[in-house]
Amino acid sequence: MQFMLMCYFDEDRWQALPEGQRAQIMEQYGELTQSIVRSGHFRAKAKLQPTSTARTVRACAGETLVLDGPFAETREQLGGIFLVECGALDEALAIAARFPTLPAGGVVEVRPLERATGS
Amino acid sequence: MSPDPDEQLGYLEDLHRREYGRILATLIRGLGDFDLAEEALQDAFAVAIAQWPAQGPPQNPVGWLIATARNRAIDQLRRRTMAESKREDIAAVWAPDDDAPVPLDSLRLIFTCCHPALSLEAQVALTLRTVCGLETEEIARAFLVPVPTLAQRLVRAKNKIKAARIPYEVPGDEVLRERLEAVIAVVYLVFNEGYAASFGEGLVRAELCREAIRLGRMLVDLLPAERELAGLLALMLLHDARRATRTDAEGAIVLLEEQDRSRWDQAHIAEGAALVTRALRGGRPGPYALQAAIAALHATAATAAATDWRQIAALYGLLVAVHPSPVVELNRAVAVAMADGPERGLELMRDLHLPGYHLLPAARADLLRRLGRRAEAATAYREALELVTNEAERRFLERRLAEVG
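Line by line, the protein sequences are chains Z and L. Going from the first sequence to the numbering used here is simple: count from 1 and add 124. Going from the second sequence to the numbering used here is simple: count from 1 and add 359.
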């Protein structure tokens, strides 16, 4: 079954990290990706631009309202996602535990996907 | 809403371009047979062409194509003798919810196509046919090979995969780098065939560059820690960014220094330059990373005069160390000439031996021309003209010869 692994990190803290450390973390993400591609778990990934680039869209009195900024004002922000195929939750958690942002204070949320209802 | 048939066909064409290789990669894993998988997928697309324009595409077009191809393959096997046992094999291998292409399969496919047991020509043809989904006729046209010859080459390659039991897998860590080198060489060869335009028609050639870049992107996505892949993709993007300005309306060559930089593809350049940073980081950079770094310095110079030749000469120095070749030495000599003056360049060229290679006398001629040594320049231009094969380059050299003559 498929799981979405969502990486949260405090954007201000990310920006405050030395350039070298950020580059190193991104390189470790590259190694992690490569490893889960080769183990067959990998399905997709995406890295998001900072929440300063976000817009939110909602309906307000029949009008579409587009506002600047992210939907949720949280301490940690969603920075990227991985979609993986795993036999069970434990496997997905084991992959999440290897995320290189964890030692630097990041958080990974793991959620199973609804089974697709066929074509 | 009734679907627009033309729109549907355009959609199918696009789907074919984007998904053919990925779907085929998954089918080959499931069926364990290149030919069977290819035939089944072609059948599935044929059914789609017949049905979708009238009915509209299914909700999950890729899943539909995989399911249809799988059913076709099973029918096909059933028709063959001893089909029964094989059919169970398929059912066993193939879980019913397996309706999305798996990224790992694309990687398995390209490593199999670029297996060292196959000749380089076969590797290139098989990669273009299966991973990129180009038609046999298209590949034959691009490489100026008769269609039957190319078809034969493909058949032999696929037979060899079967006979030699070349496994459908990504090589293990201990040989990954080495095998990756072969993959990179194939992709770059495809790109260069499109870019160098030493023969053939323009449109087909552009297609080859596009496919090579697409392959490069796929590989970088799947193996992001391999820095030479980042270098390869960067190199292709940075070269391709200048495509439109490399020849004029008559097809004559326009030199780098005379190209209209405002027409260079800035998106490609930005992407390429970012990849170069990645490719150079940590450890000793490989030959593709270094070539890409050189291309990036050219592409990001605001004017030809602003080019950082000293840096380029230094990078060529590193390149000579990891990839010794007289052609690289020649490029280094040209860069040194630009940084320290033509005399220094001529000095370095004096020791070079590149028999049959027109660019050595052409480069020497250019430096002599810059120094005003017109008679010597003319002799060198004539020497280059004797060796040149490309029509556009010939015209360029003749123009230069007329200038100094």
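Quick caveat, the hints were computed from the structure, so don't treat them as lab data. Take the hints with a grain of salt, since some may be wrong.
Using 16 Å as the maximum straight-line C-alpha spacing, the simulated EDC-like pairs for lysine to aspartate or glutamate come out as follows [unchecked claim]:
| hint | chain 1 | residue 1 | chain 2 | residue 2 |
| --- | --- | --- | --- | --- |
| 1 | L | 521 | L | 394 |
| 2 | L | 517 | L | 667 |
| 3 | Z | 171 | L | 394 |
| 4 | Z | 169 | L | 580 |
| 5 | Z | 169 | Z | 151 |
| 6 | L | 517 | L | 398 |
>> Output the indices of the hints that this structure fails to meet, ascending.
In response: The structure breaks hints 2 and 3; every other hint is satisfied.
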